[in-house]
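Novice: Chain by chain, the residues run as shown.
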Amino acid sequence: DTAVSQTPKYLVTQMGNDKSIKCEQNLGHDTMYWYKQDSKKFLKIMFSYNNKELIINETVPNRFSPKSPDKAHLNLHINSLELGDSAVYFCASSRHQTSGTDTQYFGPGTRLTVL
Amino acid sequence: KQEVTQIPAALSVPEGENLVLNCSFTDSAIYNLQWFRQDPGKGLTSLLLIQSSQREQTSGRLNASLDKSSGRSTLYIAASQPGDSATYLCAAGSNYKLTFGKGTLLTVNP
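Sequence lines, in order, name chains C and Y.
Using the working numbering, the first residue of the first sequence is number 1, and each one after it goes up by one.
Using the working numbering, the first residue of the second sequence is number 1, and each one after it goes up by one.
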């Protein structure tokens with residue numbers, strides 16, 4: 001009964017490949033997010049979706065394409081992987097987008113290593 | 001553009017001590033301030049959320065305060081325990097997103 005789940009947990013791949021990370025939340029939340037945590041542990045937002053609609057695209061290269069098939073899912077597809085894409089990617093969700101009362105719930109993360 | 005700074009970057013204390021973690025943010029137009037805990041190799045766990053209209057929130061041994069006008073928040077941990085060892089992140093909620101600080105790595109020694 002995990003609230004926010006991500007697959008896979010670990011992903012090791014070669015430079016130039018295309019890969020996807022999946023995220024699902026069973027909390028009935030309207031808003032989902034993708035964050036990147038780099039090697040220095042700095043956590044930064046990449047994308048935000050509200051009811052399947054893209055709200056935030058935080059100057060992320062267009063090799064990264066999020067897709068939200070429904071409110072409970074937000075997948076991240078990455079084309080032509082580069083060494084600098086190696087990081088931990090976290091998915092999160094919140095009930096609403098801007099309510100002052102809503103916390104964000106995070107998934108366990110996907111550790112991506114590009115060789 | 002919102003920027004969040006956390007001081008200190010790392011803190012090591014003996015068990016039982018009370019401690020304070022600091023967080024500052026540059027844009028006071030926030031709708032909330034959140035504190036999270038991250039254990040090594042794990043995701044983030046929400047500890048406390050302070051709405052912009054509130055001054056503080058408490059949960060067990062944790063107390064977080066917010067001074068929006070000065071752009072500051074503190075997380076107070078009472079009677080620290082080894083199980084409190086983790087990275088503590090503060091995040092300012094504004095412009096449809098959370099902006100995180102780089103975290104404070106806390107080590108509580110038995």
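Among the hints, a few may not be true.
Claimed, not checked - Just some of the chain Y residues that point at chain C, by a computed CB distance under 8 Å: (1) 11; (2) 43; (3) 46; (4) 62; (5) 85; (6) 89; (7) 96; (8) 103.
Stated by the list, open to error - Using C-beta positions, here's what the derived DEER-type ranges look like: (9) Y:39 with C:12: 19 to 25 Å; (10) Y:1 with C:80: 25 to 31 Å; (11) Y:41 with C:51: 29 to 35 Å; (12) C:95 with Y:53: 17 to 23 Å.
Just so you know, these hints were derived from the structure itself, not from any lab.
For glycine and all other residues, C-beta sits at the position ideal for the given N, C-alpha and C.
Novice: For a quick check of understanding: which of the numbered hints are violated here, in increasing order?
Specialist: Violated hints (numbers, rising): 1, 4 and 5; every other hint is consistent with the structure.
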